[in-house]
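Visitor: Below are the chains, spelled out letter by letter.
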Amino acid sequence: MVAFTLNGGDVSLEIDPQTPLLWALRDNLGLTGTKFGCGMGLCGACTVHLDGAAVRSCSLPLAAVAGKAVTTIEGLGGEHPLQRAWVEHNVPQCGYCQSGQIMSAAALLAANPAPDEANIRQAMAGNLCRCGTYHKVQRAILSVAAVAHWEPAVEGEA
Amino acid sequence: MNLTRRQFIRNVSVAGGALTLGFQLTGCSEEPLLLGSETDFRPNAFLRIDTDGTVTLQIPKAEMGQGIVTGMVTLVAEELELDPAAIRYEMAPVHGAFADPEMRLQITGGSASIRVYYDILRQVGASARETLIVAAMNQTGLARDALQARDGSVISRRDGAVRIAYGELVPVARTLPAVTGVMLKPASEQRLVGHYEQRVDAEAKSNGTAQFGIDVAPEGCLTAVLLRCPWFDGAVESFDAAAASEMPGVEAVFATEHGVAVVADGYWPARQAAAKVDVRFTPPAEGLRDSGAIARAMAAALDGDDFASVRDEPGSGPEDGTLVEARYEVPFLAHAPMEPLNATCRLTASGCEVWVGTQAPDVARDAASRVLGVPREAVVIHNQFLGGGFGRRAAADNVAEVVAIARELKRPVKLVWSREDDIRHDWYRPAMAGQIQARVGAGGEVSHWRHRIVGPSINQQVLPKLAGSMLPQWVPAGATALAGKLAAGKDFASVEGAKELPYNFAGINVEYHNLPVPVPLGYWRSVGHSHTAFVVESFVDELAHRAGLCPLAFRRRYLAEDAPARRVLDAVAEAANWGKAPPGRFQGLAVHASFHSVVAEVVEISLEDGKPRLEHVYCAVDCGQVINPDIVRDQMIGGIVFALSAALYGEITLKDGAVEQGNYHDYPVLRQNEVPAMTVVLIDSDAPPTGVGEPGTPPAAPALANAIFAATGVRQRRLPLQLS
Ligand code: FES
Ligand code: FES
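Chains Y and E are the protein sequences, given in the same order. Following our numbering, the numbering of the first sequence begins with 1 at its first residue and continues without gaps. Following our numbering, the numbering of the second sequence begins with 1 at its first residue and continues without gaps.
Simulated from the structure, these hints should not be mistaken for laboratory data. Note that CB positions come from ideal geometry on N, CA and C, so glycine has one too. Among the hints, a few may not be true.
What the hints assert, rightly or not - Here are some chain E residues pointing at chain Y (derived, C-beta under 10 Å):
#, residue
1, Glu63
2, Lys205
3, Thr223
4, Tyr267
5, Leu386
6, Gly389
7, Leu644
8, Asn673
As the list claims (entries may be wrong) - Quick list of the computed label-pair ranges, beta carbon to beta carbon:
#, chain 1, residue 1, chain 2, residue 2, range
9, E, Leu723, Y, Ala146, 51 to 59 Å
10, Y, Gly77, E, Gly489, 53 to 61 Å
11, E, Ala293, Y, Asp10, 56 to 64 Å
12, Y, Ala118, E, Cys550, 16 to 24 Å
13, E, Gly713, Y, Lys68, 53 to 61 Å
Given only the sequences and the hints, what does the whole structure look like? Please build it.
Guide: Here it is as structure tokens:
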């Protein structure tokens with residue numbers, strides 16, 4: 001059994017502890033906002049937070065999250081300044097990569113509240129977008145970096 | 001019947017006249033479609049309004065990022081006097097009412113969606129509005145002129161004292177004949193078209209709630225993965241599932257016509273067990289099984305003389321100019337949409353239900369019905385958001401696969417492809433080769449242009465499959481295969497963009513040689529234009545250089561005064577400050593028309609250790625009336641990123657009949673830290689809207705190759721670009 005905190009609540013799973021967190025979230029816990037893109041840590045679609053840091057859940061065995069705090073796109077709550085900025089700037093095209101983009105961006109801002117364009121391009125290089133929304137991603141992050149510093153409330157409580 | 005209907009729709013599109021009833025008069029046997037409840041106002045198949053005033057629109061096209069939901073909702077909202085965000089939308093079920101009026105299939109492609117629905121959907125909104133106003137006239141006794149629609153209500157024009165919400169008018173409106181022949185708003189009165197810059201699906205796509213095909217999970221649904229033959233013409237010969245069947249969570253392992261299915265209670269256990277299955281496939285047939293052999297066959301065809309003419313304009317002018325000649329090559333490409341293919345199936349008493357993000361719901365329905373041997377009407381398709389399509393999701397191979405698995409399993413099941421499955425079992429953009437020769441006179445005059453194209457015909461493979469879903473089910477497969485063969489000789493998908501060369505050269509010949517290969521082929525964002533633009537616009541650059549002219553001046557010289565290509569060239573040149581690149585920067589130019597739009601691009605690079613670094617891409621597009629400027633800019637940028645990824649990295653190679661690449665490490669695409677700055681200029685136009693999903697793609701590769709030539713003097717004649 002693996003027990004951990006998920007979006008502020010306690011969960012425990014009785015599945016193979018080698019199961020990647022991605023599939024535990026999607027298939028066992030029904031949280032489908034976190035996406036499968038490559039399964040090899042190459043695309044970032046599966047990005048979630050582990051104790052506040054961005055991780056690729058496709059490559060993280062469930063065993064590694066025992067006792068830790070996991071936050072998914074569902075845990076950001078929809079009113080996170082980045083999510084508001086994403087809507088304001090119409091960032092998504094197909095939308096499939098965007099949960100991962102937002103989770104990576106949120107971790108970036110938590111670590112560096114005022115990133116510049118170069119910081120953003122570097123920090124977001126692990127998140128592929130086949131639709132090519134990169135410029136919008138940059139702009140949305142910059143707009144938040146300029147005005148708001150987000151406190152990761154959900155993770156903080158955990 | 002079909003002719004009548006097409007004629008009817010054409011009349012509607014041209015005249016902007018009456019239509020609403022027409023959309024229910026589809027197909028001889030098909031019942032009119034009535035979704036929603038009996039108490040709703042349902043003037044046509046697209047729209048319904050319930051007594052609470054909720055307006056629901058059926059989206060007949062696939063939303064794969066191109067913003068079609070927003071575009072369509074905007075067109076209806078414009079005439080129905082609503083905020084686009086106030087309109088609910090649903091992905092339309094398969095029905096003749098939702099068939100593309102030109103293609104006669106419910107399919108999304110050819111960058112056609114807004115072009116073909118521009119008039120139709122505004123009429124849908126206008127007809128509903130006028131019918132609601134008639135209902136208000138009945139209710140208030142006021143004349144038509146005394147009433148107007150505003151923000152979801154019909155109000156009295158003079159004082160606003162009367163205000164009746166649409167929902168309150170529904171009980172009367174639903175009993176009235178829909179008003180037809182409504183005049184559409186002139187551009188000067190449009191408040192949304194050309195101005196609205198939000199996306200109505202942005203919220204759901206920013207909070208994780210947008211449902212893609214891969215997210216669907218009907219009650220009791222299991223997960224399947226499929227072991228497919230690595231080469232494309234093999235089948236399962238034998239397999240040993242003993243070890244796999246013992247694995248935790250595994251429900252079943254069995255063979256279907258598509259491979260060995262491993263079914264478990266989740267993706268991970270299914271994938272783990274699949275690794276333990278020992279499968280033998282029937283050996284590949286003889287033929288072109290390696291990329292090298294295919295390239296040699298293409299070169300040999302170019303050396304020969306076996307070509308079909310697709311454009312034949314005899315040359316004139318002196319034969320004594322310098323003969324310039326060059327060969328170009330492009331590789332097979334995968335689509336690699338971010339969402340790996342998947343599909344979910346549940347058997348029903350008469351057939352099945354399928355949940356899938358598809359560009360072609362009725363192709364999917366046809367595929368499912370064939371697998372089960374049931375009538376098409378016994379299959380229900382629930383279309384979802386597509387995590388990228390780019391042409392890949394016009395195929396229904398994933399649907400046929402999951403239905404075959406459900407047929408054996410007899411339980412609801414979701415088939416999920418891995419990224420490796422996706423890269424190795426795509427319907428690829430074909431590898432192509434081309435050779436152009438032309439004569440350049442002393443004064444730079446060009447004559448005797450001859451462009452020869454060699455490569456496999458996409459349509460020879462794809463048209464029979466599409467025809468299969470278009471024609472009545474009793475039409476034998478042989479007849480549709482014949483249709484494909486006939487199309488192949490002068491395959492438009494292989495020569496488009498070359499055939500319509502826009503320059504006034506003295507003598508233009510374009511010829512094609514079909515070279516079939518045992519590799520599945522499909523439509524890849526911009527299809528034939530994705531390679532013909534590279535060849536043509538690179539070679540035009542070579543000619544300009546030979547003529548000693550600036551690439552911009554050279555192109556302008558051979559374009560008519562009023563050519564749309566000239567307008568976008570001038571616009572992009574101005575935006576890019578063409579010819580005056582900052583020190584250390586080098587520019588390349590290309591212009592290309594596709595899907596009724598024209599796009600010019602300037603790629604600006606610098607050199608870093610002799611290698612090109614993308615700095616800035618400038619783009620000017622003429623796509624007629626713009627509906628949503630922000631989305632058009634995004635589509636240009638997205639199309640350019642897609643093209644640059646392919647130009648720099650994209651290459652699928654074959655060895656022993658199998659694809660050698662498998663994931664984003666060996667089939668890389670552009671990342672955040674690699675994208676150049678972008679500037680997009682939209683040309684003002686009041687012409688009807690034309691394509692935007694694809695036209696941004698074709699000019700990017702040649703513009704980049706031309707920039708590299710400007711920087712290094714090295715001509716790039718092969719994709720991906722050879723930069724070592
Ligand atoms: S799915 Fe995890 S990085 Fe791609
Ligand atoms: S929005 Fe489609 S992959 Fe990023």
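Visitor: Next step is simple, just say for each hint if it's right about the structure.
Guide: Quick rundown of the hints versus the structure:
no. : hint                                : in the structure
1   : Glu63                               : 8 Å, holds
2   : Lys205                              : 3 Å, holds
3   : Thr223                              : 7 Å, holds
4   : Tyr267                              : 5 Å, holds
5   : Leu386                              : 6 Å, holds
6   : Gly389                              : 8 Å, holds
7   : Leu644                              : 9 Å, holds
8   : Asn673                              : 4 Å, holds
9   : Leu723(E) <-> Ala146(Y): 51 to 59 Å : 37 Å, violated
10  : Gly77(Y) <-> Gly489(E): 53 to 61 Å  : 59 Å, holds
11  : Ala293(E) <-> Asp10(Y): 56 to 64 Å  : 60 Å, holds
12  : Ala118(Y) <-> Cys550(E): 16 to 24 Å : 34 Å, violated
13  : Gly713(E) <-> Lys68(Y): 53 to 61 Å  : 56 Å, holds
Against the hints set out earlier in the document, violations occur for numbers 9, 12.
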